[in-house]
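Peer 1: Protein sequence lines, in the order shown, are assigned to chains A and B. For the first sequence, the working numbering begins at 14 and goes up steadily by one. For the second sequence, the working numbering begins at 14 and goes up steadily by one.
Worth double-checking, as some hints may not be accurate.
If chains are identical, the list can't say which one is meant, so a pair holds when it fits in one copy or spans any two.
When the alpha-carbon atoms are kept at most 20 Å apart in a straight line, the in silico EDC-like pairs for lysine to aspartate or glutamate are as follows [unchecked claim]:
| hint | residue 1 | residue 2 |
| --- | --- | --- |
| 1 | LYS555 | ASP44 |
| 2 | LYS711 | ASP261 |
| 3 | LYS711 | ASP270 |
| 4 | LYS706 | GLU389 |
| 5 | LYS547 | ASP173 |
| 6 | LYS667 | GLU249 |
| 7 | LYS483 | GLU351 |
In case anyone wonders, no lab produced these hints; they're calculated from the structure.
There are 2 protein chains.
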Amino acid sequence: MAARKYLILATICGLLVSVLAQEDWAAQLRDEMDPARIEKFLRILTEKPHMAGTQGGYELAEYVRRTWENQGLDSAHIDPYDVLLSYPDPDKPSYVALLDGSGNEIFRCSAGEPQLDVDPPFNMSGVVPPFGAYSPSGVVERDLVYVNYARTEDFNTLKDEGISVEGKIAIARYGKGARGRKLRRAQDRGAVGMIVYSDPKEVVGTGRGSDRMYPYGWYAPGTAVQRGHFLYGVGEGEPLTPGYPATDYAYRIDQSDSDQLPTIPVHVIGYNDAKELLRHMGGPLVPSSWKGWEGLLDIDYRLGPEMEGPASKVRLDVNVQTEVRTIHNVVGIIRGREEPDRYVILGNHRDAWTFGAVDPNSGTACLLEITRALGEMMRRGWRPRRTLMFVSWDAEEHGMHGSYEWIEEFGKIMSDRAVAYLNVDNAVRDDYTLRARATPSLKPLLKEAAKMVPWPTADDGDTLYEVWSKRSPETNATDSPPKIDLPAGASDYVPFVKRLGVPILDIAMVHRYIITYPNFPLYHTAYETFHLQKTYIDPEFKFHRLMSQLWGELALSLAESWILPIDASEYAGTVQGMYDWLVDGYGTKFEESAISLDALQSAVANFSQAAVMFEEELSSLENNTDPLVARMYNDQLMQMEQAFINPQGILYQKFSRHTILSSGLWNTETFPALGDAVRRMGSDWTDPGKEDKLKELKQELSIITFFIQSAANSLAKPATPV
Amino acid sequence: MAARKYLILATICGLLVSVLAQEDWAAQLRDEMDPARIEKFLRILTEKPHMAGTQGGYELAEYVRRTWENQGLDSAHIDPYDVLLSYPDPDKPSYVALLDGSGNEIFRCSAGEPQLDVDPPFNMSGVVPPFGAYSPSGVVERDLVYVNYARTEDFNTLKDEGISVEGKIAIARYGKGARGRKLRRAQDRGAVGMIVYSDPKEVVGTGRGSDRMYPYGWYAPGTAVQRGHFLYGVGEGEPLTPGYPATDYAYRIDQSDSDQLPTIPVHVIGYNDAKELLRHMGGPLVPSSWKGWEGLLDIDYRLGPEMEGPASKVRLDVNVQTEVRTIHNVVGIIRGREEPDRYVILGNHRDAWTFGAVDPNSGTACLLEITRALGEMMRRGWRPRRTLMFVSWDAEEHGMHGSYEWIEEFGKIMSDRAVAYLNVDNAVRDDYTLRARATPSLKPLLKEAAKMVPWPTADDGDTLYEVWSKRSPETNATDSPPKIDLPAGASDYVPFVKRLGVPILDIAMVHRYIITYPNFPLYHTAYETFHLQKTYIDPEFKFHRLMSQLWGELALSLAESWILPIDASEYAGTVQGMYDWLVDGYGTKFEESAISLDALQSAVANFSQAAVMFEEELSSLENNTDPLVARMYNDQLMQMEQAFINPQGILYQKFSRHTILSSGLWNTETFPALGDAVRRMGSDWTDPGKEDKLKELKQELSIITFFIQSAANSLAKPATPV
């Protein structure tokens with residue numbers, strides 16, 4: 014008995030020491046973050062272009078690996094994959110030209126972005142010219158139709174005007190949706206080519222006060238062009254190895270068998286060139302909401318397809334090649350002390366279309382500073398309770414191939430062991446507020462962590478939390494500020510949440526009008542240079558420090574806590590909100606069709622109830638020091654998120670498996686598959702022609718009910734009837 | 014420091030005590046098993062028929078639940094599902110008749126099995142008449158074609174003879190394959206009805222010496238008929254709720270949308286009736302291997318389709334209904350002491366076509382005796398380290414609906430928490446030897462456990478292990494005896510292994526010629542009575558005790574061990590064997606087609622190597638008493654099996670997910686999907702028409718390579734590069 018008492022005492026003492034130590038380490042980590050060092054990292058990272066699959070990309074991978082090794086992580090290694098990438102033909106530039114009636118060129122779009130004289134200077138020689146990645150090669154000479162954002166509703170408007178893109182080249186502006194979806198919609202409607210341009214409305218004058226155009230300010234000049242990939246799916250993984258990793262031995266399907274690759278050529282241009290094309294277009298005037306910013310594009314916007322003299326046709330000459338090349342994820346590890354088999358993963362992609370000083374290497378610089386600081390702490394004797402893993406992804410720009418293939422390769426291990434994935438893509442786009450996305454269960458943690466981070470300027474508050482709360486209020490009345498979005502969008506957190514059901518969060522410092530203009534003006538242009546960061550965004554790297562502090566704080570909380578800071582009740586609230594949205598919008602329809610929502614309502618209530626009971630049990634457990642007991646509760650918190658994963662995928666999306674957090678095709682604010690099924694019903698649910706759709710709706714209703722009940726079960730006390 | 018020393022000492026003492034105690038408890042459990050009590054349980058269980066979805070079935074569920082409650086388990090509850098079941102129309106008996114040229118009946122098969130006078134008596138009144146479950150209703154009058162076992166090769170032989178079943182009724186004998194597959198093959202070839210009969214070759218004189226026919230012995234009389242279901246798939250789950258549980262709120266697809274249900278009527282008969290049909294058949298004589306046992310069926314076996322006078326046609330009049338009814342799984346729980354969230358599950362189905370004295374209630378009686386004994390031990394202060402769960406499944410006979418729906422409902426929880434599933438279906442069919450199936454990793458445990466169980470008669474050895482080893486030698490030269498099969502077949506372990514990748518084993522005491530005659534003669538007949546067990550199989554219930562002892566021993570080992578008795582190297586050996594079979598049989602073909610097996614070979618070698626290293630680490634760990642360390646290794650052992658699960662299912666089998674242990678369509682002795690792909694290639698791999706098949710083969714090769722590598726990764730030291 015004496016021994017047992019000592020045992021208990023010893024354990025409690027150990028725990029106290031470790032609790033005290035933990036607080037101490039978190040403060041040390043915050044204090045350790047050094048703006049000057051982050052600046053230095055960013056300068057190195059942005060010296061040369063480092064697109065995926067290039068020598069510059071590989072060299073930077075090796076730099077990150079070496080850096081982690083030198084910083085004292087337990088290990089740092091490269092996980093390579095051989096994936097389908099896409100590059101412009103170096104010998105045959107792609108271009109868009111205006112032809113006159115005799116087929117002579119009367120105007121040709123610029124072949125690339127001009128070198129600019131800035132300090133520090135940058136070397137354009139290695140910069141890839143603007144191109145639409147995964148475009149097929151081809152030459153078409155046709156009329157032009159302006160399709161606005163190329164959304165479904167835009168094509169509907171055109172149809173109402175009697176204008177079709179069939180056999181034509183579509184010209185769309187960037188914004189309001191993914192490139193690949195724009196292209197697919199044009200392609201599906203018979204377009205034979207597409208041009209996408211950056212309208213000044215998206216890239217100039219987006220509310221940053223009196224700022225000017227690069228190199229004199231933050232805005233995009235008319236010569237700047239946004240690159241990007243045109244794969245159809247967001248989140249299907251590398252196109253040739255569907256569902257399994259693109260290892261060296263992997264079988265690759267034929268490109269013609271992939272449903273991800275576009276089949277019509279596409280090219281991207283800036284607004285100077287766009288203006289020349291648009292001003293030669295004929296046809297009816299566009300609806301006023303379709304116009305860009307007339308301050309810079311002072312033309313009559315017309316729908317086409319006729320061209321106006323002297324222009325007669327547009328030539329689109331695209332020369333883009335696909336090639337399987339090796340990409341390089343770099344993985345650094347600090348092995349956990351008590352629970353080495355529980356992983357807290359910090360990730361950021363490293364590949365950039367050009368210099369990447371914002372996207373993504375502002376994040377990489379922060380990541381390297383965090384690992385440097387943790388390396389320091391390890392030398393002082395620190396080691397986390399759980400394993401910390403740092404991943405520098407490759408080929409995110411080509412379609413998140415690095416993270417997808419890694420998740421395909423290590424999916425089983427990660428769904429068993431990953432506690433959370435913390436993503437930073439663009440760490441610092443601007444200095445106004447934090448933009449955050451998170452699985453519901455991590456929202457409270459994010460708010461708590463933000464309270465620990467000092468705001469670096471004399472401003473709206475002393476902590477990040479205060480400023481963020483004021484500047485990003487929650488518009489949804491049921492949530493408290495600051496605003497945290499659910500994980501829609503596209504960055505390397507996607508495979509973690511949609512494939513595996515690992516809790517994720519994604520953070521960035523952004524500008525004031527992020528809701529209206531989700532990107533920053535120079536996004537994916539040649540001008541994402543160190544000069545841009547240093548001169549116009551974060552000259553003192555204070556906000557890089559802030560991001561490092563926040564990211565580090567989150568990592569330590571998750572890696573050190575006795576009970577994981579994963580919040581079941583917050584999740585239940587989100588699910589309840591999705592249910593309410595459904596009932597508010599469609600309750601009457603369900604009732605009229607005699608489809609009961611009772612079972613769904615019960616499941617939602619059961620999940621809430623299970624969360625409350627789970628948390629009550631947890632709080633009654635406060636003095637428990639049995640590591641197996643803590644592990645049991647922690648495992649349940651991990652299982653909760655995974656309970657939502659449907660191995661068969663959700664409706665129409667084989668590889669998107671999260672029944673709550675996948676993005677439906679319609680982007681409703683309810684359960685994605687059920688929301689899609691509801692939208693497919695249209696307004697008249699009694700139409701006999703919709704019988705099959707109604708069956709689908711009923712099946713989706715019972716499937717989502719089951720998955721929510723399943724999440725409730727995962728929170729029930731193990732080894733008791735549920 | 015003093016405290017820490019005490020801590021270590023205390024932990025070691027505790028462990029020693031628990032190790033000693035554990036051995037003690039295992040012996041107590043063996044000693045506690047009482048043949049008289051098992052006999053009593055069996056008598057109660059077999060008093061009335063208890064088919065799934067009937068009052069008798071429900072009453073027995075309640076009996077089991079009450080019994081567990083009274084025995085002192087921590088909880089006992091019922092998990093109900095509403096599943097599609099099938100019953101004969103009570104008002105319109107199904108039958109087969111011979112018609113003469115004028116359409117008059119000249120013979121009608123018996124409507125059911127006759128009551129027999131035995132002690133103890135049994136009451137036929139509630140016995141369901143013989144029927145083919147899930148047959149559609151219908152009347153057809155056609156010629157008859159004898160199709161032997163209705164295997165693919167049998168139909169090929171018929172084709173060579175110029176005989177087709179198109180528009181005919183096929184008559185097949187039982188044996189060499191599942192009912193549903195026989196029917197589907199006939200249906201696919203245009204048959205309009207089917208009759209399946211038990212040939213005396215399968216049910217009489219199968220090597221049990223001088224035994225006689227029931228009620229004077231173990232063999233089937235000519236009036237006995239084997240019932241059974243004719244669903245196509247083995248292991249697709251309940252037909253109307255594919256992939257999700259058949260809860261009360263579940264959406265059910267239309268029966269016409271299910272690919273599981275047969276579309277032509279089928280009926281089952283005994284050999285007396287079969288003789289009358291067969292002896293009126295004309296056409297060519299059958300190949301000699303197609304004949305049944307001429308000792309009892311002393312007729313000329315002919316292929317048909319012409320009938321011989323006076324018979325002209327056969328009438329098949331089937332009246333079978335499907336209905337969604339509630340089934341009842343009973344779940345009993347003994348909550349684990351240290352790891353309540355790790356489950357060792359013992360399962361047996363409870364539903365029987367008739368009285369079930371062999372199938373399955375010989376198993377149920379053993380299960381109730383084990384729970385009784387454990388209840389006793391709990392009163393003496395025992396509680397297992399991990400949770401023990403006991404499940405009495407319903408509707409196994411209709412297609413494993415109870416276990417499948419439960420696995421669909423609790424799949425996420427079970428794949429996280431289930432350590433192993435130990436199945437007993439027919440516990441005692443005879444007294445000759447043990448028949449065992451197991452996932453490779455549980456084979457060594459099974460052998461060790463068998464060493465602890467005394468053989469109850471003066472015989473070939475003192476322990477079950479000795480007798481079993483002599484009587485069931487391993488035919489495969491690379492394995493050591495006794496023989497343990499991989500988990501093919503069909504009982505409630507299937508969803509655990511094929512859907513989730515939970516290690517399973519399945520054990521039964523069987524007769525001498527089990528390889529040739531996998532069933533016992535009275536299987537699924539009305540004569541599976543208590544009298545049969547008591548008089549001819551296990552009069553003293555010694556072998557029921559032996560089975561209880563073995564099952565209990567296995568359960569305690571898994572529930573109490575510090576490190577789980579799951580063997581990675583044994584698994585690696587199995588995988589190596591599958592690789593060798595592939596290379597031996599098809600290595601040249603792969604070479605000729607320039608398809609490299611190097612990556613597969615490496616993965617197989619990596620898995621073996623990972624297993625060895627894992628075990629070396631484990632043995633270096635012998636004195637470690639940190640429960641989190643043990644948990645980490647145990648979790649890896651659980652993850653190893655699950656690493657083989659492909660969420661998308663294997664080739665052509667959406668819901669069969671185990672890449673090693675699923676059954677391929679061709680039943681090769683290699684990786685099932687790759688084996689199927691290889692067989693689809695036929696003998697000429699260079700045929701240009703096979704290009705698509707060759708692509709499929711290459712893809713399957715890379716998929717299986719990946720999953721084996723994945724299993725190797727799961728065994729690597731966590732938080733290290735793999």
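Peer 1: Up to 20 Å between alpha-carbons, please classify LYS667 paired with GLU249: within, between, both or neither.
Peer 2: Answer is both: 9 Å inside a copy and 19 Å across each meet the 20 Å cutoff.
Peer 1: With identical chains, the pair LYS483 and GLU351 could be close in the same copy or across copies; at 20 Å between alpha carbons, which is it: within, between, both, or neither?
Peer 2: This pair counts as neither: shortest intra-copy Cα distance 39 Å, inter-copy 48 Å.
Peer 1: For LYS555 and ASP44, with the copy left unspecified, which applies at a CA distance of at most 20 Å: within, between, both, or neither?
Peer 2: within (13 Å within a copy, 74 Å between copies)
Peer 1: Checking LYS706 and GLU389: alpha-carbon separation at most 20 Å within a copy, between copies, both or neither?
Peer 2: neither (60 Å within a copy, 56 Å between copies)
Peer 1: Between the shortest in-copy and the shortest cross-copy C-alpha distance, which are at most 20 Å for LYS711 and ASP261: within, between, both, or neither?
Peer 2: Classified as between: cross-chain Cα gap 14 Å, same-chain 43 Å, threshold 20 Å.
Peer 1: If the cutoff is 20 Å on CA atoms, where do LYS711 and ASP270 land: within, between, both or neither? Let me know, please.
Peer 2: For LYS711 and ASP270, the Cα distance is within 20 Å only across copies (15 Å; inside one copy 32 Å).
Peer 1: Between copies, within a copy, both or neither: which fits LYS547 and ASP173 at Cα up to 20 Å?
Peer 2: Neither: 49 Å inside a copy, 83 Å across copies.
Checked against the numbered hints given earlier, this structure breaks hints 4, 5 and 7; the rest are met.
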